Structure formats: structure tokens, C-alpha cells
Amino acid sequence: MSVLEVEGLRKAFRQVQALDGLSFAVEAGTVFGFLGPNGAGKTTTLRILAGLARPDSGSACVAGHPAGPASPARRLVGYLPEEPRFYTWMTATEFLRDYVAGLFGLKAEEARRRTNELLSLVGLQDAARRRIAGFSRGMRQRLGLAQALLNRPQVVLLDEPVSALDPAGRRDMLLLIEDLRRTTTVLMSTHILDDVERVCDSVGIIKDGRMVTVDERQALLDRYATPRIEIAFRAQPDRVAAWAEQVRRLPGIVSAVPDEALVRIQLGTDLAADQQVLAQAVASGMPVERFEHGRPKLEDVFLRLVGQAKEAA
Amino acid sequence: MVTLLRKELREQWRSNRLLVVAAVLVAMGILGPLTARYMNEMLGSIPGTPEGLEAVLPPPTAELAVNELAENLAQFGLILALLVPMAAVVGEKTSGTAALTLSKPVSRGAFLAAKLLALVATFGLGLFLAVGAGYAYTGMLFAWLPVGGFVQLAGALLIYLLFYASLALLASTLMRSQLAAAGLAFGLALVLGIVGTLPAVGVLLPSALLAWGRSAASGVPSELPWKALAAASLLIPGLLAIGWAALRRQEL
Chain A
37 MSVLEVEGLR KAFRQVQALD GLSFAVEAGT VFGFLGPNGA GKTTTLRILA GLARPDSGSA
97 CVAGHPAGPA SPARRLVGYL PEEPRFYTWM TATEFLRDYV AGLFGLKAEE ARRRTNELLS
157 LVGLQDAARR RIAGFSRGMR QRLGLAQALL NRPQVVLLDE PVSALDPAGR RDMLLLIEDL
217 RRTTTVLMST HILDDVERVC DSVGIIKDGR MVTVDERQAL LDRYATPRIE IAFRAQPDRV
277 AAWAEQVRRL PGIVSAVPDE ALVRIQLGTD LAADQQVLAQ AVASGMPVER FEHGRPKLED
337 VFLRLVGQAK EAA
Chain B
-13 MVTLLRKELR EQWRSNRLLV VAAVLVAMGI LGPLTARYMN EMLGSIPGTP EGLEAVLPPP
47 TAELAVNELA ENLAQFGLIL ALLVPMAAVV GEKTSGTAAL TLSKPVSRGA FLAAKLLALV
107 ATFGLGLFLA VGAGYAYTGM LFAWLPVGGF VQLAGALLIY LLFYASLALL ASTLMRSQLA
167 AAGLAFGLAL VLGIVGTLPA VGVLLPSALL AWGRSAASGV PSELPWKALA AASLLIPGLL
227 AIGWAALRRQ EL
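So the sequences go chain by chain: A and B. Per our numbering, the first sequence starts with residue 37, numbered consecutively. Per our numbering, the second sequence starts with residue -13, numbered consecutively.
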């Protein structure tokens, strides 16, 4: 069952067409990765779903309610902007318990309990009584996630939730997001492909306000990602580059890119081509240090699809 | 709405706005009777003051003290009423806190109304303390006048300042920067000041209430300017409604 439905969404800012007939749906209880380059229209879509902006045409529904500035859908949504801003004179507890819980009409006891739960979940229990003014960007991002979850939303909209975090903070945040699918549906916008690969069940790739493709993550990888080989030689880079040039001309090879003593080779649909490559490597006379099949990556899918969309445009 | 109002009041306190408004108004409230009482003596003690100047200055009376009090509070209160709400909405829009709040189930009307009510509380408390201080100093330095008249003066000043605070709140809702909001608010206040010199318009503006409040505090009852009171009762919520209509159309 789809809990988020976007149909033919269009939105222009003066001369710039931010959304150009965007359509997609998100199944309940999944983490949906909303992937696209900067300026693709991800934030605009999330702002429309959060009721902060209106589309020029098309519709965006949350659990059957049209999204908008006065929509009941706002009760069902938790929203974390890319750079969440707070009343910095409040403490974290005041912000969650007295303010956000109050806006959702939670009773005092429930507000207190939920605040404690969430501060502990995002690892801010020790900073509960500190003013937000003294929080780091990472702490603010975690407090932002806590406020987005306070009302036990049916849908959580996360706009680049890990972009401001250090590696450890990023790992913790991704674990939290991964866990959320048990209780809610997550729409996470990002341009960091590794994060999508790690936590998302399905992926939508957006470019210039249009959905290029949308599918389950594994299905996308199976459909679009092509096999890769990496070969590392113990030889001079110019000899390696010459060898890469030879390999590039073989049938079934899409590309062969040298990088010092390493060559990255993209195979076509003929999977047996790797045997030819291995034979060529041995025949070259250069000692082979490593010969490795690369795992298909979402990055390949992304670059291929976004590249195609660019060419089509 | 209660949550929003509580947040606004707490912000007025934590940001020291309440303290600053109260301190400035109380200082002006005390200064009015003090200058009325000691101005002549002070001028007389300054070497080189032209002879005979004291004679042309009005003699210190309770009525002069009330006039000084009302003028000080109206002038400095007006500046505060234009400055304090200047960032109320535009500041939240540019910082991003408005987006965080309005993505929750909160009406934009309640968002604005809470801000206006917090201004009522801030200026109400400030004027209560300032007029109270002015009453006490007038009593100690001149004569104890009826308290009821000072209550009327405080009420007239509150309506007057709230009108301009509503104007500044509207400017803050319409504009995209604090500077532009301040410019619009001061510009509108200036236009009203000029237009208000026309008798037909002047009787409708909240400033007409000040003369009534001043008379009442001096112990000389005068007729309540109903037209100005009615106009203010319509204009203050009217300005809020215009702001609400504008904010509803805005994207955050």
C-alpha cells in the first residue's frame, strides 16, 4: 500500500522549472532513497510534502490526504530540513517537550516520556538541559531527527539527513534511519550514493525535476549496473596505460580506465569478456598484483541514468 | 495557540526584550515628572543661561508632569513599538525556524496572533510599570492625582503603541529582510504622522486617544474619542488579518 503518492507535480521558480511532472509512490514501512544531483528538485518535493510550498499543478498525498499548508497531512508527517534551525535560547528538552509536543497537542506526561525516549534514541540525553545555541551541527541534526519523530509520524521526510555529520555520526544516523522502517515510512533525499545503498529499500532517481527511474534497490542494480573488473599491475604507469588502450578495443569491453598501475574495466553484457581480459593481462608480461570483480554499485546506475537524462535533454 | 504564545512570552523574557522595553519605559515614566519639577531649577543653575528664561518657562505643576510623562512614553514607546516586532516574522522566515514550526499542525493565523499577544503582554507590563512609576513620582513631587486617570492614560498609550506594533508586525510579515521591514514600518508611521495632521484623519488615529488619556490623568475628564477607539479596535485586528492573508500565500 502506498503511503506517499506524488502525481504529475510541477513547480517553477520564475524561469527555473524545479519540478517537471514528477510522479512516484512510496510503499508503507520502507525506506525510499530520493536520489539526485544538486538542484534536481529533491528539496522542493519535500517542502511540498511537508506543507511548506504549493505545487503549480499535480498532486502530492500523504496517507490519502493532499499535502498543503493547512492540510491534516501535517499531523502524519515528520520533517527534517537539510539544515534544521531551532530557537537557540531553548534547551533540547524545552524544545521537544514544551514546544514541539505542544504543537502536536501531546499531553504533559506523554510529552515528557516521548522527549526522554527520543533524546536517548538520538544520543542527546546528556545534553538535554543544555541550550541549543551550544550544539554542534551534528547535535542539531540529531535533535532535528528527534523533533521529526516526536508525533510518531506515518511518514518521515528527511532532507539530506547525514550531510552535516562526521563519519561516526553518519553511521549512527544511518543505523537510526534503517531502524525506522519498523515503525514508519521514510523518504530520504540525498546525493550520497553509499548511504542509499546502505539503508534504502527502494530508490527513485530524479533529474531536472523528473523521475528518471524508480524501483527496488536490488532490481535497479540488477537492471542497470554492469560488471566491473579492477586489475593492479606491478609495472610502469605508461606500460599499464598502453595495455589499457589495447583492452579497450576488445569486444565486450565498455571502458578501460588506467589510474597509475591500476586499470578499471567496465564490461558490457557479455560476461565472458572477463576471461579475455585475464588472458590479455597474463600475455602482457607485466606481473599482476590483483585481479578483482567489482560489486555492481548504485553509483554506476546513477551516473548511467543521470547521464542518459542529460543526453536526452 | 497556547504553546505558541508560551514560546513567544518565554522568548520575550530570555531575549531580554521584556526587560529592555520595561526599563526604557520606566525610565521615561520617571523622567517625565522629574524634568517637570526640576527643569527650571536646572536651567537656572547652569552658568550663562540668559536672564529671564525661567520666567518664560511654564511653572512646574502636576499637569505639566503628566504631559511630560505622556509625551515621553508616546515618543520612546513608538520607537520601541516599531523596533521590537521588526524581526518577529521575517527573522523566523530567514533563519528557518518558521519552516520548522509551520510544518507542524499549526495555523499561520495562530503563529501571528501569538506574536501580537506577546507584544500586548510586553508593552502592557512595560506601560503598567512606567505609568505606575510616573504616578508615584508625580504624587511625591507635586500632588496625588486620582489613580483612575492614570489607568486611562496607560490604556490609551497601550492602544496607541499596539497599533504601531501591529504595523511593524505586518511589515515584518510582508518583507524579506529585517532592514526592509524596519524601513517599511518607519515609513508607514511617518506617512500616518503626516496624514494625521489633517483634522478629518487625525480624529480617527490612535494618537487622538493620547490627549484624552492625558486629560484624565491630570484630573480633567474629557469626552472619550470614540471614533479613534473604534478605528483602533478595527485597525489592530485588521493589520493582523492582512498579515495572515499574506503569510498564507507565502512559501517557506
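None of these hints come from the bench; they were simulated from the model. The structure presented is a predicted model; accordingly, all values stated were derived computationally and were not measured. A couple of the hints might just be wrong.
With the C-beta cut set under 10 Å, the calculated list includes, among others, these residues of chain A facing chain B [as the list claims (entries may be wrong)]: (1) 89; (2) 102; (3) 105; (4) 327; (5) 329.
Here are a few chain A residues that face chain B, going by a calculated C-beta distance under 7 Å [unchecked claim]: (6) 60; (7) 86; (8) 88; (9) 169; (10) 171; (11) 246.
Where a beta carbon is used, it is the ideal one built from N, C-alpha and C, also for glycine.
Comparing the hints with the structure gives:
1. 89: Because about 4 Å separates residue 89 of chain A from the closest Cβ in chain B, which is inside the 10 Å limit, the hint holds.
2. 102: violated, 15 Å
3. 105: OK, holds: residue 105 of chain A within 10 Å of chain B, min 7 Å.
4. 327: violated, 51 Å
5. 329: This hint is violated: residue 329 of chain A lies away from chain B, its Cβ roughly 46 Å from the closest one there, beyond 10 Å.
6. 60: This hint is violated: residue 60 of chain A lies away from chain B, its Cβ roughly 21 Å from the closest one there, beyond 7 Å.
7. 86: Holds - the Cβ of residue 86 of chain A comes within 7 Å of chain B, reaching about 4 Å at its closest.
8. 88: For residue 88 of chain A, the interface hint holds, since the closest Cβ of chain B sits about 5 Å away, which is under 7 Å.
9. 169: The hint is violated - residue 169 of chain A has no Cβ within 7 Å of chain B, the shortest such distance being about 11 Å.
10. 171: Where the cut-off is 7 Å and the nearest Cβ of chain B is about 14 Å from residue 171 of chain A, the hint is violated.
11. 246: violated, 21 Å
Violated hints for the displayed structure, listed by number in ascending order: 2, 4, 5, 6, 9, 10, 11.
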